[in-house]
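Those sequence lines, one after another, are chains A and B. With this note's numbering, letter number 139 in the first sequence gets 139, and the count goes up by one each step, no holes. With this note's numbering, letter number 16 in the second sequence gets 16, and the count goes up by one each step, no holes.
Simulated from the structure, these hints should not be mistaken for laboratory data. The model shown is predicted, which means the values in this text are computed figures rather than measured ones. Ideal Cβ placement from N, Cα and C applies to all residues, glycine included. Some clues are possibly wrong.
DMTMM-like, lysine to aspartate or glutamate: derived pairs with alpha carbons at most 25 Å apart [as the list claims (entries may be wrong)]:
#, chain 1, residue 1, chain 2, residue 2
1, A, K85, B, D95
2, B, K137, A, E150
3, A, K146, B, D136
4, B, K137, A, E182
5, B, K137, A, D222
6, B, K67, B, D89
7, B, K67, A, D222
8, B, K137, A, E245
9, B, K139, A, D301
Partner residues are not named here, just some residues of chain A that face chain B (Cβ under 7 Å, in silico) [claimed, not checked]:
#, residue
10, A42
11, R188
12, S234
13, N236
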Amino acid sequence: MRRRLIAVVTALAAGVAGLGLATLRATPAASAPLLQIGDAHAQYGPTIRGNRPVFILILGSDARPGTPLEGGLCDSIHILGINPKERRATLVGIPRDSYVPIATGGTNKINSALPQGGPPGMVETVENLTGVTFDYYMLTGFDGMKRIFEALGGLKIDVPYAFVGHEGTPFGEGRQTLSGAETLEYTRTRKSLSHGDFDRSMNQGRVMLAALSQFRAEWRRDPAALFRWIAVGSRNVSTDVPLQELLQLAFTSSRVRPKRITNLIATGGIDTAGGMSIVSLPSPHPVFQDVAEDGYVLPEDIPADAAPAG
Amino acid sequence: MGVGVVAVLIVGWLLLSGGDIPLVDDGPSGPSSFSFELAGNVRLSSTSQTPPAELAGAARNAGDGVKETMDELYFRAFLDTDSWGDYADAFALFDTQAAARAQADTEVLTLGSTAGETFDSVRPTSGELAISVLMDKDKPATAVAEVEFLADATRSDGGTTAIASSGSYYLRQVDGAWRVFAYDVDRDDTTAAAPSPTGSPS
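Make a model of the complete structure from these sequences and hints.
Okay, here's the thing in structure tokens:
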């Protein structure tokens, strides 16, 4: 699947001149005044281009510090779809309790696919469930999440509603900067939220969107911020994205405005199986079908129950 | 004896003027090379847990390579009269994909496609370069060069143009040489009109 992305990037090279990202405003030379000022701008970066969307499976393991990430249950599961041509993207959270066929065998909660089959097993399980073919995966854990935002000086985020975290931290409504530990608590809290794991999954998406906004802002101010973010991410995230393609993803993400990224969750009915509380996803799920088609879901196409307000 | 006095005077002048290294090596028809001044040490980011001190030497070496490319790029793009109007030597310092785009950005990235007809000479007045290197698997993988370049150009019509180029260039190694693969560059030139041949209008 990596070859497909390379092909997309190669296509970018061939057609890059038409991208129209550079602007040129040169003052005409005719009728020269006493002082003539010309200003112009040129910009180019190797973005992913083409009609085909790019899909990344973003995973969070609950492995305890000092234990392998692959051994933990996967309690944060997000599909990131990017449509380079439309400059749109979508994050779809999948409830960890979704009761689905596991690629390595049997039917179970989807979060068990990681310890049973590692990242490849997790990727295959989600591919079978959603119809999405992933180009890459990214996997982190509690420690990684905390260290990332400690190293980056915290996360600037707009918290949509107040709640108390599972470790007692009060999260007020509005814009604020969370420390690494607070960011971790923000993404882990479930019981004090009105829609439980659905709301937690939305909050995890909000953290990713806030991180993207912060990355864009810092990169605009400081060209070397790109390296700082890649370095911090690489030290704390396990991934199959090679560095050069990570750079292309970064340049691509810089062209997708956060307002053109939708954040939603694939909801389902609450049920029980074998004495476990589970989420029963409709099949086929309209959100999966929509995002698999072109990499994004428009805000007006988000099902009402896929974006709980609570 | 006389030579020694001159040498002392030159060293003294360099010290009093801040010790700046000359930006250009002048030849008979203008500068024959160009050298940026480095703004601080090479900044280092790493994808590994290796202590930065252990990577500093490799990062410095990478910085030297990046500076060499950027020196050459600005010499070919602005100062080398033989390159004016045909910037193949400058664009050879870009990787294949970026070079294709850079051709379309000639008016921003170089002295311009009509430089040969427009200008008689150009001299750099300052050039500052800040370099950051990203180490991957403890080897230099990519770098960004932040540039501030100023030059004074004398126009064929007798006027002058203050050339100002600033921005960032991202580089990676291609066949052992550092080549530009992305850029974000501004030009902000100021042109004074030629003196009136009839003198002051008043």
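Tested hints:
1. Under the criterion of a C-alpha separation no larger than 25 Å, the hint pairing A/K85 with B/D95 is consistent with the structure, at around 23 Å.
2. Among the hinted pairs, B/K137 with A/E150 is consistent with the structure: their alpha-carbon atoms are about 22 Å apart, no more than 25 Å.
3. Between A/K146 and B/D136 the alpha-carbon distance is near 22 Å, which keeps this suggested pair within the 25 Å criterion.
4. Taken as a hint, the B/K137 and A/E182 pair is broken in the structure, with Cα atoms around 31 Å apart against an allowance of 25 Å.
5. At most 25 Å may separate the alpha-carbon atoms for a hinted pair to count; B/K137 and A/D222 meet this at roughly 24 Å.
6. A C-alpha spacing of about 16 Å is found between B/K67 and B/D89, which places the hinted pair at or below 25 Å, so the restraint holds.
7. Taking the CA atoms of B/K67 and A/D222, the gap is about 19 Å. The hint holds against a cut of 25 Å.
8. Proposed proximity of B/K137 and A/E245 is supported: the alpha carbons are some 15 Å apart, at most 25 Å.
9. Distance hint between B/K139 and A/D301 is unfulfilled; the C-alpha atoms sit about 46 Å from each other, more than 25 Å.
10. Taken as an interface hint, A/A42 checks out: its beta carbon lies about 4 Å from the nearest beta carbon of chain B, inside 7 Å.
11. Taking 7 Å as the C-beta cut-off, the interface hint given for A/R188 is violated, the closest approach to chain B being about 25 Å.
12. Satisfaction of the interface hint for A/S234 is found here, the shortest Cβ-Cβ separation to chain B being roughly 4 Å, below the 7 Å cut-off.
13. The interface hint given for A/N236 is broken, as the beta carbon of that residue sits about 10 Å from the closest beta carbon of chain B, more than 7 Å.
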